[in-house]
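Visitor: Given chain U, work out where chain R should sit, using these hints.
Heads up: the protein sequence lines correspond to chains U and R, in order. The letter at position 166 of the first sequence is residue 166 when you use the numbering used here, and the numbering goes up by one with no holes. The numbering used here runs 186 ahead of the 1-based position in the second sequence.
None of these hints come from the bench; they were simulated from the model. Hints should not be assumed to be uniformly reliable.
Residues of chain U placed beyond 10 Å of chain R at every Cβ, according to the derived structure [claimed, not checked]: (1) Thr50; (2) Phe62; (3) Lys155; (4) Asn182; (5) Asn185.
DEER-style ranges, computed between Cβ atoms [unchecked claim]: (6) Glu205(R) to Glu95(U): 22 to 32 Å; (7) Ile215(R) to Ser43(U): 40 to 50 Å; (8) Ser47(U) to Glu253(R): 19 to 29 Å; (9) Ser43(U) to Ile219(R): 45 to 55 Å.
Glycine included, every Cβ here is placed at the ideal spot set by N, Cα and C.
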Amino acid sequence: MNKPSLQAEEWVVKYGDLLYNYTLQRVSDKGLAEDIVQETFLSAWKSRETYKSDASEKTWLFAICKNKIIDHYRKKSSSPVQYAEVDTTDHFFDEAEHWTKEAQPNEWGINYQQPVETKEFYSILAYCKKKMQDMQRNVFVMKYMEDLSAEEICKVLNISSSNYWVIIHRAKLHLRKCLELNWINS
Amino acid sequence: MNLLNISCKKATYLVSKKEQGKIRLFDRITLQIHLGICGVCKRFEQQTDFIIKNTKHTHSEEKLSEEVKERIKEVLDSSY
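Same shape as in the complex, but just chain U (with noise of 0.2 Å):
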């Protein structure tokens, strides 16, 4: 038999960039994507008793991988800081809540029925991720990369349902507009 760190080698090298990147996609943060990537590799290893072998190498890492970004999601909304949503999208409407000039949706002039393929979309769509605020980004997420149920969602992040829905609104509106401007008009 190989000796058992091997195994572990073998997976850093074919693994390691695979979850790294789908990591960052989630947590748009290098140094905690780096974090959550060693976790992962070291609760496979702890527990690669308990891995069988119907489901594949790579299914099982990227599962356990999941767990521990939705993980970190937890322990920051139950962190003694509470979180407070501050409305950062008073400006996108006025008084009568009609779309202010500056923030409503222009015409982008592409086929909406058609995926994008660009890569230009894509480093784009990771910057405006980025720049949203952390429970939006949060939310934005796991709804709709790990396709988690708003149920499942408010109980990882100790919200409301009200909360919940005020959140997808706001994180809609913010990536939408930040897509436009540096997507569409550059």
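Guide: Then chain R, alone, in the frame of chain U:
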């Protein structure tokens, strides 16, 4: 009449509820009315749906640095 008349802020809020299948019938009706007359909010819906559809496919090619890879290997080695 006023009851059926909602603001753009409210309409865009309801767009997410609709998109996630969590909208009440009454809200669905007022939203449809609003989107029928407000091209800007309709655009918001189209564009945010577009973003959601494209958010899963990421083309990122960042790499872990060799130092970090070495660090992780060391941690794994020492935990054995």
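Visitor: Each of the hints needs a verdict: does it hold here or not?
Guide: Consistency of the hints with the structure:
no., hint, result
1, Thr50, "holds, 16 Å"
2, Phe62, "holds, 14 Å"
3, Lys155, "holds, 16 Å"
4, Asn182, "holds, 13 Å"
5, Asn185, "holds, 13 Å"
6, Glu205(R) to Glu95(U): 22 to 32 Å, "holds, 27 Å"
7, Ile215(R) to Ser43(U): 40 to 50 Å, "holds, 49 Å"
8, Ser47(U) to Glu253(R): 19 to 29 Å, "holds, 26 Å"
9, Ser43(U) to Ile219(R): 45 to 55 Å, "holds, 51 Å"
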